[in-house]
Amino acid sequence: MFRHILLAADGEDHSLLAIELCLKIAREFGSSVTAIHVLDPYLKQFYNEIYAQGRREYLRYVDACLVSCADELESSLVDIFQELPSFSFIRAYGDPEKEIIRHLHSGSYDLLITGGKVLSGIKRITSWNLPTRLEMKSPGIPVLVCRK
Amino acid sequence: MSFINSMITPDWKKFIPGLILCALFAFVVMNIHHLLATYQKADVASVKIPKIEQRIAELQKQGASQEKLVLLQENLGKLNKALAAVHGRVGQRWKWATFLYETCQFKYVAMLLIGGIIIRNTIGIPKVFLPGIGIARPLIKPGIIILGVHYVWSDVVKVGGTGLVLTAFFIFGTALTVMYVAKRKGVSDGLGGIMGAGTGVCGVSAIIATAPVVKAKPLEMAYAIGTILLFGTLMLFVMPYLGQWLHVSQPQFGAWAAIAILNTAQLIAAAEWYGDEARNTAVLINAARIMLIPFIVMYTVWFYGLKDVGKESTGVWNTIRNKFPVFILGFFALVLLNSLDISAFGGPREAGTPFWAMNAVYKWFFALGFAGIGLSISIDDMKKSGGLAFLIGSGAATAKMLLGLIAVMIIGTELLKVTGGH
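Keeping their order, the protein sequence lines are chains F and S. Numbering that gives the first Met the number 0 puts the first residue of the first sequence at 0, with every later residue one more than the last. Numbering that gives the first Met the number 0 puts the first residue of the second sequence at 0, with every later residue one more than the last.
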């Protein structure tokens with residue numbers, strides 16, 4: 000049923016749940032999995048804050064953090080998904096929402112799996128909620144959000 | 000030529016569209032501000048002119064001193080000029096201008112910030128403008144340097160000295176409390192360190208200086224920056240109205256803003272909005288505050304025992320060299336020149352002199368900077384505030400606001416007032 004799954008992972012706690020579920024589904028249906036990790040340069044925009052000092056050091060540090068997070072995630076996902084016949088890892092750079100949707104459009108995916116926080120009350124409205132936005136903008140591909 | 004080329008950023012062209020947008024926005028708003036101010040002055044003049052004319056007639060009957068009469072006639076002349084500027088006549092009213100300008104404090108700062116926030120978060124800003132908008136914010140710096148002509152050394156010693164003691168107390172008090180509580184509650188060193196520095200010194204600027212040293216994680220940084228921006232923006236809009244309601248004097252408000260508003264951009268904006276005297280005090284105390292950035296970084300390194308990390312970031316000399324805001328020396332150079340009272344430079348109120356010309360342009364730097372600030376305040380960024388950073392930030396912000404208010408009320412206006420000398 001699901002031949003090709005796109006797994007969006009950022010290494011946070013809630014995405015670990017998505018990884019577990021993705022593995023179960025892929026085993027069940029013999030699906031191939033592509034994991035996407037978006038290196039979000041969001042924090043870099045603050046380097047020119049009025050009195051910011053040590054700007055170059057800050058930019059280098061943010062870049063190093065993003066790359067190290069991607070490296071760690073890639074090596075752990077390669078370990079986890081090694082039993083599957085087909086697994087690949089993509090690093091994208093930019094706004095996570097746009098990059099994930101762009102990949103959904105470009106690939107032949109049947110399902111998107113991602114993690115998310117459990118939201119309650121006012122947080123449902125005020126939270127910067129990537130999974131909800133992915134659900135809204137998905138090009139007809141089902142989105143499975145594992146909330147924790 | 001190669002030296003000049005080395006000073007120009009290779010991708011400078013990407014900043015042009017955003018800078019043009021900010022300049023246009025600032026130009027339109029400054030003209031609206033000027034228009035409002037002109038009509039508000041005319042409205043006041045329209046009411047005052049008959050009263051002053053009556054007073055002059057009474058004094059002439061009583062045979063009052065010539066000095067008194069000249070003073071009143073000068074004042075009458077100014078009021079007539081204000082009325083003539085709108086081709087108005089005595090008795091004609093422009094209550095809307097007084098309501099917007101005086102009651103609502105709808106001045107250029109408010110228009111740029113509120114207008115910018117509305118534009119950014121409704122119709123949005125195309126990507127091509129974003130780099131230039133980001134670079135417009137630090138244009139407040141040349142404005143601050145120019146403001147050096149408003150001070151003399153006695154101001155620096157009196158207000159700056161008081162401010163330095165006050166800010167040092169609040170900065171290290173906040174940093175110590177936040178870092179201690181964070182450590183006791185098991186918060187990571189990264190988050191505790193950036194929140195201690197961010198809530199203590201000058202918000203996002205301090206987070207940028209401290210994050211590489213304490214090895215804060217990207218998510219912690221996003222939470223901390225979101226929280227600082229949220230509370231900085233809240234205070235920017237709440238404090239000026241709260242200050243008016245509590246009848247806080249302008250110098251007291253300047254000091255209060257310099258202590259309580261977490262982010263520097265918002266601090267300058269709030270003080271400028273409140274009035275010239277508030278701005279003068281806030282800029283001077285803020286100069287004292289930002290000079291403490293290297294010391295807060297060193298304090299963080301010491302507090303978390305980070306002796307072995309990031310050799311380029313640690314060490315007394317390296318930290319001071321890398322984290323000291325060098326531009327503030329320009330501000331103090333102008334304070335020194337103004338203190339020497341060299342007649343060739345004149346003063347900010349002496350028309351036609353170099354210092355007067357500099358004073359005339361500072362508002363344009365501020366306007367460009369505030370346009371950049373308004374257009375870059377994104378509600379999405381503030382929505383990223385959360386987790387423990389939000390708890391720490393809200394606690395520190397509230398405590399600093401209340402304790403800061405008590406402190407400036409105890410100190411009083413006189414010790415916080417900038418005279419400007421000659």
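Hints should not be assumed to be uniformly reliable.
Using 35 Å as the maximum straight-line C-alpha spacing, the simulated DSBU-like pairs for lysine-lysine come out as follows [said to hold, decoys possible]:
| hint | chain 1 | residue 1 | chain 2 | residue 2 |
| --- | --- | --- | --- | --- |
| 1 | S | 77 | S | 362 |
| 2 | S | 216 | F | 23 |
| 3 | S | 94 | S | 126 |
| 4 | F | 97 | S | 13 |
| 5 | S | 362 | F | 136 |
| 6 | F | 43 | S | 94 |
| 7 | S | 214 | F | 147 |
| 8 | F | 97 | S | 214 |
| 9 | F | 43 | S | 13 |
| 10 | F | 116 | S | 216 |
| 11 | S | 126 | F | 43 |
| 12 | S | 94 | S | 77 |
| 13 | S | 184 | S | 416 |
| 14 | S | 77 | S | 416 |
| 15 | S | 416 | S | 12 |
| 16 | S | 216 | F | 43 |
| 17 | S | 182 | F | 116 |
| 18 | S | 47 | F | 97 |
| 19 | F | 116 | F | 136 |
| 20 | S | 12 | S | 140 |
| 21 | S | 362 | F | 43 |
| 22 | F | 43 | F | 147 |
| 23 | F | 147 | F | 116 |
| 24 | F | 97 | S | 216 |
| 25 | F | 43 | S | 140 |
Read the hints as simulated data drawn from the structure, not as lab findings. The model shown is predicted, which means the values in this text are computed figures rather than measured ones.
Comparing the hints with the structure gives:
no., hint, in the structure
1, 77(S) with 362(S), "23 Å, holds"
2, 216(S) with 23(F), "30 Å, holds"
3, 94(S) with 126(S), "41 Å, violated"
4, 97(F) with 13(S), "22 Å, holds"
5, 362(S) with 136(F), "44 Å, violated"
6, 43(F) with 94(S), "47 Å, violated"
7, 214(S) with 147(F), "26 Å, holds"
8, 97(F) with 214(S), "28 Å, holds"
9, 43(F) with 13(S), "16 Å, holds"
10, 116(F) with 216(S), "18 Å, holds"
11, 126(S) with 43(F), "15 Å, holds"
12, 94(S) with 77(S), "20 Å, holds"
13, 184(S) with 416(S), "41 Å, violated"
14, 77(S) with 416(S), "27 Å, holds"
15, 416(S) with 12(S), "43 Å, violated"
16, 216(S) with 43(F), "13 Å, holds"
17, 182(S) with 116(F), "25 Å, holds"
18, 47(S) with 97(F), "61 Å, violated"
19, 116(F) with 136(F), "19 Å, holds"
20, 12(S) with 140(S), "21 Å, holds"
21, 362(S) with 43(F), "29 Å, holds"
22, 43(F) with 147(F), "28 Å, holds"
23, 147(F) with 116(F), "5 Å, holds"
24, 97(F) with 216(S), "23 Å, holds"
25, 43(F) with 140(S), "21 Å, holds"
Of the hints listed earlier, those the structure fails to meet are numbers 3, 5, 6, 13, 15, 18, in rising order.
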